[in-house]
Amino acid sequence: MSEKLLNEQIVGQIQDVFANLKDPVQVLFFGKERDCEYCDDTRQLVEEVTAISDKLHLDIYDIERDAEMAKKYRVDKTPGIVIAGRKDEQIHDYGIRYAGIPSGHEFSSLIHDLVTVSNGDSGLSQETRSYLKTLDKPVLLQVFVTPT
Amino acid sequence: MVEAMEFQELSNRHRVSGVPQTSINDGVGTVVGAVPESQLLAEIARVAGAAKA
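Line order of the protein sequences matches chains W and C. Each residue of the first sequence is one higher than the one before, counting from 197 in my numbering. Each residue of the second sequence is one higher than the one before, counting from 17 in my numbering.
Read the hints as simulated data drawn from the structure, not as lab findings. Beta carbons are placed, not taken as given, at the ideal position from N, Cα and C, and that holds for glycine.
Derived Cβ-Cβ restraints for the label pairs, each shown as a range:
| no. | chain 1 | residue 1 | chain 2 | residue 2 | range |
| --- | --- | --- | --- | --- | --- |
| 1 | C | 46 | W | 240 | 25 to 35 Å |
| 2 | C | 28 | W | 267 | 19 to 29 Å |
| 3 | W | 321 | C | 63 | 16 to 26 Å |
Covered stretches of chain C (in silico footprint by chain W; criterion: 3 or more residues with CB under 8 Å from a CB of chain W, positions within the stretch not fixed):
| no. | segment |
| --- | --- |
| 4 | 17–24 |
| 5 | 29–37 |
| 6 | 48–61 |
According to the in silico footprint, chain C covers these stretches of chain W (three or more CB under 8 Å from chain C):
| no. | segment |
| --- | --- |
| 7 | 287–296 |
| 8 | 317–329 |
Using the sequences and the hints given, assemble the complete structure.
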């Protein structure tokens, strides 16, 4: 059994943050057996995080063996993480995707996204919301980061 | 989020020069750095078109 990635102190801090979780969240992890340097660590990280609250549900997929699922969620990079809402046993896809291991600063983003999806509020300004409501075509936002 | 070191080819294609860098619609728009919400919104609007009535 490999060592835990998150120590007790961090788990405690996340527990406090997750005390505010409202609705269930569905996390989908996509890995690959070969040629995926960070798949194992990312999978373990996501397992440890989702274990902290019973409002967080995790499904593990293999991008090759579960190709249909990968296609459905438009995941083509591994490790891949989808953060979706889960209400009345239905999954609500908000288009949130992580490609690569969420380490350093991005780990905070991951925790924050889980809370945001659970609370169902983007936290965006009224101006932004008004504009986004008028979109009639998909817009792809890719935020490139490096591990800090 | 795309971790640039794991996806170098993709990062190069998007000409990622500094992080965070937000690429909109496969590079049609670009925002370099962590910017205020209104600035990101402005670039999205530039790429996706102004708000429809």
